[in-house]
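**Student:** Chain by chain, the residues run as shown.
Number of protein chains: 2
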Amino acid sequence: MNERYLEDFAAGQIYGSGRITVEEDRIKSFAAEFDPQPFHLDEDCARRSIFGGLAASGWHTAALTMRLLVESDFKPVGGIIGAGFDEFRWPLPVRPGDELHVESEVLEVRPSKSRPHQKGEVVQVSVGNLVVPRRLA
Amino acid sequence: MNERYLEDFAAGQIYGSGRITVEEDRIKSFAAEFDPQPFHLDEDCARRSIFGGLAASGWHTAALTMRLLVESDFKPVGGIIGAGFDEFRWPLPVRPGDELHVESEVLEVRPSKSRPHQKGEVVQVSVGNLVVPRRLA
Numbered sequence: 007m008n009e010r011y012l013e014d015f016a017a018g019q020i021y022g023s024g025r026i027t028v029e030e031d032r033i034k035s036f037a038a039e040f041d042p043q044p045f046h047l048d049e050d051c052a053r054r055s056i057f058g059g060l061a062a063s064g065w066h067t068a069a070l071t072m073r074l075l076v077e078s079d080f081k082p083v084g085g086i087i088g089a090g091f092d093e094f095r096w097p098l099p100v101r102p103g104d105e106l107h108v109e110s111e112v113l114e115v116r117p118s119k120s121r122p123h124q125k126g127e128v129v130q131v132s133v134g135n136l137v138v139p140r141r142l143a
Numbered sequence: 007m008n009e010r011y012l013e014d015f016a017a018g019q020i021y022g023s024g025r026i027t028v029e030e031d032r033i034k035s036f037a038a039e040f041d042p043q044p045f046h047l048d049e050d051c052a053r054r055s056i057f058g059g060l061a062a063s064g065w066h067t068a069a070l071t072m073r074l075l076v077e078s079d080f081k082p083v084g085g086i087i088g089a090g091f092d093e094f095r096w097p098l099p100v101r102p103g104d105e106l107h108v109e110s111e112v113l114e115v116r117p118s119k120s121r122p123h124q125k126g127e128v129v130q131v132s133v134g135n136l137v138v139p140r141r142l143a
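Read top to bottom, the protein sequences are chains A and B.
Sequential numbering of the first sequence, starting at 7, is according to this note's numbering.
Sequential numbering of the second sequence, starting at 7, is according to this note's numbering.
Possibly wrong hints are sitting among the right ones.
Claimed, not checked - Subject to a maximum C-alpha distance of 30 Å in a straight line, what follows is the list of computed DSSO-like cross-link-like pairs (lysine-lysine): (1) K119(B) <-> K81(B); (2) K34(A) <-> K34(B); (3) K81(A) <-> K119(B); (4) K81(A) <-> K119(A); (5) K34(A) <-> K81(B).
None of these hints come from the bench; they were simulated from the model.
Build out the structure end to end from the sequences listed, making use of the hints.
**Tutor:** If you want it as C-alpha cells, here you go:
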C-alpha cells in the first residue's frame, strides 16, 4: 500500500495488522533490561502477585504494538510519528504465548496547531494511574 | 526506603531517580526489534526526516523511564503497577548520548473503583496523536 498524506486519511478508516506471539524468554529478558520487577521475571513470584502469573511488562506490549503497526498497511508518509496519547490503558496482562494483533481506527483528522518539536529539556510527560494496595485493616 | 502502601502516599510527594545514558547502538537495536523506521536506525535517513537526526523510539524512552522508576525510591508495595495513562506526550526526541532521569509527583490518591483485571481480550487501548505531513500544495 502507498504512503498516505494527511489528506488521504479520514475518520472511520480502519487498519489491521499481522500477528506476533509473545515469547516467555523475551518477556523475561525485556523486563530484566527495562522493568525488572519480580512478576515480569519469575513464575513463582508472579503467581503470588496481583497478576497471578507471569505477565509481560506493559512497555513490552506497547513496543510490540509499535512493531505490528510499522509492519501494517497503515503507512503515513514520513513514518508513524507519535506525539503522544490522550488515553493509554492496559486492561489485561499479556501472558507468555499470547498472540497479539492491533486494530486501529482514524478518529479525527485535524491540522496541527503546533510543531511537535519544542525548545526545552523535557522528553516525556505523562499522567499515569498506578495500582497500590491498601494496608491490611 | 521501605515499600509504601496506599495510605503512605499523599498528593505533592515528589520522587527523583538515578540517571541513564541512551546509547546509540541500543537506540538502533531497540528500533530494529520494535520500531523499525529509518529515523531510528540510520543517521542519514534521520537527518532527512522530521527529527533532523537519529532519535530514539518513544517506546525506548518509555521503557528506560520504567527502568529508572523501578530503581528509584518510589516503592509502592507489590511493585509499580501501571493501569494506564490519562496523558502521555513526547515533546522532544531523545538523541544518542542523552542522559535521562525521571521526576515524579503524586497528583492524587484515591481508592480504586474497579479491579485492574477484567474478563476480555483487549490488552491495550490507546487514543494517540500522530504527526502526518500534508501534501505539498
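**Student:** Next, verify each hint and record whether it holds.
**Tutor:** Structure-based check of all given hints:
1. Restraint check: the Cα-Cα separation between K119(B) and K81(B) comes to about 22 Å, which is no more than 30 Å; the hinted pair holds.
2. The hinted pair formed by K34(A) and K34(B) meets the criterion: a straight-line CA distance of about 21 Å does not exceed 30 Å.
3. In summary, the hint linking K81(A) to K119(B) is not supported, as the alpha carbons are separated by about 39 Å, beyond the 30 Å threshold.
4. Proximity of K81(A) to K119(A) is assessed by CA-CA distance (about 22 Å); at most 30 Å being required, the pair is judged to hold.
5. Pair hint K34(A) plus K81(B) holds up; C-alpha atoms about 21 Å apart against a cutoff of 30 Å.
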